[in-house]
Every structure is written in C-alpha cells, then in structure tokens.
Amino acid sequence: MVAEPVDVAVIGAGPAGLACATRAAQAGLSVVLLDEQETVGGQIYRAIERSDAQRREILGPDYVAGAALAAEFARSGAAYVPNASVWQVTRERSVHYLKDGKVGSFEAKRVVLATGALERPFPIPGWTLPGVLTAGAAQILLKSAGEVPMEPPVLVGCGPLLYLLGWQYVRAGVPIRALVDTTRNDDRWRAKRHLLSALRAWPDLRKGLQLIRTLREAGVPIHEAADDLRIEGAPGEDGTERAHALSFSVRGVPQRIEANVILLHQGVVPNTQFSWSLRAAHRWDDAQLCFTPQTDSWGELDVTGIFVAGDGGGIAGAKAAQAQGEVTALAIIAQLEAIDQATRDRAAGPLLRRLADARRIRPFLDSLYRPRDENRVPQDDVVVCRCEEVSAGEVRRIVALGCEGPNQAKSFGRCGMGPCQGRMCGLTVTELIADARKVPPASVGYYRIRPPIKPLTLGELAGE
Amino acid sequence: MTSKPLFRVLAPLAPAVADATVQIWFNDQPLDVPGGRSVAAALLAAGVQRFRATPVTGAPRGPYCMMGACFECLVEIDGVPSRKSCLVTVQDGMRIHSQEGARDLPFDADQASPHATQENAHGR
Chain A
1 MVAEPVDVAV IGAGPAGLAC ATRAAQAGLS VVLLDEQETV GGQIYRAIER SDAQRREILG
61 PDYVAGAALA AEFARSGAAY VPNASVWQVT RERSVHYLKD GKVGSFEAKR VVLATGALER
121 PFPIPGWTLP GVLTAGAAQI LLKSAGEVPM EPPVLVGCGP LLYLLGWQYV RAGVPIRALV
181 DTTRNDDRWR AKRHLLSALR AWPDLRKGLQ LIRTLREAGV PIHEAADDLR IEGAPGEDGT
241 ERAHALSFSV RGVPQRIEAN VILLHQGVVP NTQFSWSLRA AHRWDDAQLC FTPQTDSWGE
301 LDVTGIFVAG DGGGIAGAKA AQAQGEVTAL AIIAQLEAID QATRDRAAGP LLRRLADARR
361 IRPFLDSLYR PRDENRVPQD DVVVCRCEEV SAGEVRRIVA LGCEGPNQAK SFGRCGMGPC
421 QGRMCGLTVT ELIADARKVP PASVGYYRIR PPIKPLTLGE LAGE
Chain B
1001 MTSKPLFRVL APLAPAVADA TVQIWFNDQP LDVPGGRSVA AALLAAGVQR FRATPVTGAP
1061 RGPYCMMGAC FECLVEIDGV PSRKSCLVTV QDGMRIHSQE GARDLPFDAD QASPHATQEN
1121 AHGR
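For the protein sequence lines, the chains are A and B, in the order given.
Just so you know, the first sequence maps onto residues 1 to 464 in my numbering.
Just so you know, the second sequence maps onto residues 1001 to 1124 in my numbering.
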C-alpha cells in the first residue's frame, strides 16, 4: 500500500454513515464512504434521491427526512463508492472491498462501521418458501421499485416496521388480507412500566398509534395474540412449491388465511458481522435479545480507531443513528486534531441530547414488541439455517451430544456455514443452544465471524 | 417457468426510470421485465418465483430480505454464478439462469448444452 491513508473510511450509507461522513468532510478530513447499494440512504431512506412528490406522499414524512441528509452529503466533498461490498476490515484499519467484480483496498486512519440493522430471524414452519419475504424486503420493493403485492398479502409478527408497511400500503391503495399480530395483553402489561418514559416521547408514540389506527380504519382484519404460526406451501402454476396460506391460532382457536405473499417481521437487530470479525467485545442485550458491540460513549470499539455508529451498535432508529454518526465524527475530528476536545464536547452536547430523546421510546417498544419465545426458539421441525437447511431439532441433537456453542454446532452440523454466514440463523442458534443447555445466551456466545465478510471468489481475491 | 407475478408495479410509486421495459432471458426464455430496478425486483414482477434450488435438498427459494443479507435470491447472470439478484441492476439482454444447487466448477464433461462450460449446470 503506497497511497496515503485516508482520514476516515465509513462503511454504510444509511443515516449514521451519511451523517458521519458529511460532518467529517465538512471539518476538512478526507472521507471515503463505501456502500453496497446503488444509491445512498441505506434501507430506511432507500432510493430517496429518486423520489418524486407522489412517492414521498405515500411513503410518509419519516422517509422524506432522508432527502436533506442525502443532499448535504452530496455537497460535503466526501468520496462516495456505491456498489461496493466491503469484505474485510482489519484491526490495523485496512479496508478491502469488491466492486464490479474487482477488489480494491486502502488504509484509513479511522474506520466507522455504520452497517445498520438486519431483520431478526423469524424461524417458523414454511418460512423458507418462495412468497415469504420480510416486511423490510417488501418495503425495499416499494421504495426502490414501486412494487407492491399483486394479491393482498398477510402481514405477520410485531413491531413498528410491520405497521409502517401496512400504513404505506393503505396510503398506496393496496389491499391487505390481514395483519396477524403476535402481540398479547401480557406484552402490553409488561410494557406499561416503560410508559412514563414513552410518554415523554409522545410524538413517536402517537405516530405508532396512528399507524395501527389507520389499518383498523381501512378495514384491515387484525388478529391479535396469534401463535402456532405455520406457513403452508402448495405448488404454483409452474409446479414450484410456494407459500399458499398462513395458519395460526388465537387463544387456542385455529385460523387459516390464504395468501401467496406472506410478510414476516419481528423487529430488527444490529448487523454485527464486522465488529465480530474484528474480535471486538460484545454483550448480550436482554431487552433487545441480541448481541451488541461494546463501545465508549463516542462509539469507539475496544479496537483502537474503529467506531460503530447507528443501529449496528444497538437498535435505536434513524434519528438516533444520525445523531450518533455526527457524535462519532466529532470524536474522530478531535482525535485527528482538527478540533480540540473542548470544541468537540460543546458541539456534541446538543447531539447527545437528541440521541437521548430518540432513544426514549425504545424500552417501551422493546418490551411491547418483544418477539415471542416460540418464534425465536422454534420447534424441532423448523429450518433455522436457511443456507444449509439445518433444523432446530438437529441443533438440539448436536447439543445433546455435548456441543456447547455455535462454533461447535457449525462444525458438527454445518449451521451457519452457508453464504449468508450466519446472518439469518446466528441469533436463533445462540438462543437455541442457550435454551437447550439452560444457560444465558451470553455464555453461549456467537459464531466466530471471519473475513471475507461477503463471499468472493478466489479469482477475485487473486486480483488484489 | 413463470407464474402469475407475486408483485406488480404501482404506477404512482414507480420511479421515472422504471417505465421502460427491458428484455432479458430467464432460463433461456425471453422475458419482458420492468427496467430501472434490481434483477430480483424485475423477476418478481415478471412472475418468477423460483430463483434457485438449495444445494442440500433442492428446495425452491426466492428473495427473502432484498438487501443482500440472506443470499436466497442467488442467480447466474451472464455466466457468472452466485450473483445476489437484489443488488444487481437489470439490463437489457441479460442472460439469467436460476441457480440450481451448488455452483459447479467450469467444465462439466457430461453437460452438452451451450452452457455446459458455464458454472452452475446442475439439473438443467
């Protein structure tokens, strides 16, 4: 590597990455932002720069909020590398990526991981069938391609994104077969102790209530307290087995709804592939039921010079991510001596208050929309590792043989060994093993994630 | 190879670039799809439900996450296997094949089709 290192490499062009790159570039630092998508915005502001007034009207004000951020980034002078899959970040801060079939790499003085969130795995019978997508996937089709289900879909699970998608479909005039909600009264009861702090975030709370009310007023059938979720398959016209119906029960009463598009959602979790691959310290978050990387208040990991900003460090949403991106930028600007610490702290004050405000509703939401045990730790016949088709029963059998953690389970049974590298099964396998061994998830740990974080061929690697 | 589409383009939501239809080939059949979107979004709107078959049991799979994380939408595009169709923009004339099981190495002696030297020739 002969080139001078850049000051800051930012990975991910969602709210955290955009805000961080913009702020750092405005302070005169050299910044490179890499992102896997074709346009900026991450998933929340996907295709924001291509949106006209009508799209924005349907998608709503929270989506439109991304336009200003994208515009400011475009003016900031930061370099932007779209369509780039970063496949390795080393502890020494070299960044390796794949773009258009070619590998590239560079050194950075500071690295910011702004890789956001993934939808939590939703392992239920039939979740691998064509026609079953995540609510987030349906929203991406809506935002990036203007596509909606041909026939009325069933929305299944719980959480703000599920209701937001329903709200957007209603505004777009798309009929919804049903909302099958897993939330029960005991969830509401449990969430009540966080109500006071949620009330202080009244605009957020009101917005959430408005989403569900819109669905009710539009006449969408809502089935609450659903359990025993099962997706049934049937051959389509081309003979392919695909989703055909959702069966479930409500307080013991069996129900069945036919649909060929079934959209699942039970919250989002941090995308921790990079922080794990860097061997950074993580902790199990019992409220959000996921691992989060441990950072200081500026977002720096226990790996010097590498930061996490946004939902990748714990789920708090777009507004928090944006504030955190700026806070991280300030820390980096100060570390690279473009400002002194007093200036940093003064500038960070209002951002930290915004961050605290944005986080205020989280304990309430985490409690109210805590995904049900049965939908996280499924019964034996359910596939948990979609890539290698390993069932929950197989993982339990491996545990009974004496296997104590995910990495042994991987060696014994191949779960987590496919191309998604555990993104779709990691948390499920951790919780399955914890449940089978009757120990906390923290003591079970997670897969050992190794580069390449995204698959690349030996030929591509040889091109470096 | 195709069925009634699972998704349709909703006119007011479609970006301006999506108006143009492009012609691609899916498993050697010509297919008109809406342009200006990912290959996965284009195939879904054109009635493709089975994007690949799993290497282990041959089970059919289609897009699940649409954001490059799940690897369920893998297809072969212009001879290159294991492309995440949700991350590749559809282009006129693209030759796309469903990914059947594990990708093969080039040169499969007992495949005589013109694609025999392409990877991923299982079961076609």
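Just so you know, the hints here were simulated from the structure itself, not pulled from any lab data.
Note that CB positions come from ideal geometry on N, CA and C, so glycine has one too.
Don't take every hint at face value.
[Unchecked claim] Output of the computed footprint for chain B on chain A, the stretches with three or more beta carbons under 8 Å from beta carbons of chain B:
#1 64-75
#2 142-149
#3 219-232
#4 235-241
#5 280-289
#6 419-432
[Stated by the list, open to error] Okay, the calculated beta carbon distance ranges per label pair:
#7 B:Gly-1101 x A:Ala-356: 18 to 24 Å
#8 A:Arg-279 x B:Gly-1101: 33 to 39 Å
#9 A:Gly-28 x B:Arg-1095: 17 to 23 Å
#10 B:Gly-1093 x A:Arg-353: 32 to 38 Å
#11 A:Asp-381 x B:Gln-1091: 37 to 43 Å
#12 A:Gly-393 x B:Gln-1029: 37 to 43 Å
#13 B:Gly-1101 x A:Lys-438: 35 to 41 Å
#14 B:Asp-1032 x A:Pro-82: 47 to 53 Å
#15 A:Arg-56 x B:Thr-1089: 19 to 25 Å
Requested in this report: Using the Cβ atoms, figure out if Gly-1093 of chain B sits within 32 to 38 Å of Arg-353 of chain A.
Outcome: violated, 54 Å
Query raised in the report: Is the gap between the beta carbons of Asp-1032 of chain B and Pro-82 of chain A within 47 to 53 Å?
Result: violated, 27 Å
**Report entry** Check of the region 419-432 of chain A against chain B for coverage (Cβ-Cβ below 8 Å, three residues minimum)
**Finding:** holds (count 4)
**Report entry** Gly-1101 of chain B and Arg-279 of chain A - C-beta distance against the hinted 33 to 39 Å
**Finding:** Taking Cβ atoms as reference, Arg-279 of chain A and Gly-1101 of chain B lie about 34 Å apart, which means the hint holds.
Requested in this report: State whether the coverage of the region 142-149 of chain A by chain B holds or is violated, taking the criterion as 3 or more residues with Cβ-Cβ distances under 8 Å.
Outcome: holds (count 7)
Query raised in the report: Quick one: are Gly-1101 of chain B and Lys-438 of chain A within 35 to 41 Å, going by C-beta?
Result: At roughly 38 Å between Cβ atoms, Lys-438 of chain A and Gly-1101 of chain B fall inside 35 to 41 Å, so the hint holds.
Requested in this report: Indicate whether the distance between the beta carbons of Asp-381 of chain A and Gln-1091 of chain B respects the range 37 to 43 Å.
Outcome: holds, 41 Å
Requested in this report: Go check the region 235-241 of chain A versus chain B for me, would you? Three or more residues, Cβ under 8 Å, otherwise it fails.
Outcome: holds (count 5)
Requested in this report: Kindly confirm whether 19 to 25 Å is satisfied by the beta carbon distance between Arg-56 of chain A and Thr-1089 of chain B.
Outcome: Holds, at about 22 Å.
**Report entry** Beta-carbon spacing of Gly-28 of chain A to Arg-1095 of chain B - inside the hinted bounds 17 to 23 Å or not
**Finding:** Since the Cβ atoms of Gly-28 of chain A and Arg-1095 of chain B sit about 47 Å apart, the hinted range of 17 to 23 Å is violated.
Requested in this report: Report holds or violated for chain B covering the region 280-289 of chain A, Cβ cut-off 8 Å, minimum 3 residues.
Outcome: Since 0 is below three, the answer is violated.
Report task. Determine whether the Cβ-Cβ distance between Gly-393 of chain A and Gln-1029 of chain B falls within the hinted range of 37 to 43 Å. Result -> Roughly 39 Å apart at Cβ, these two residues keep to the hinted range, so it holds.
Hint compliance for this structure: hints 1, 3, 5, 7, 9, 10, 14 are not met, and every other hint is.
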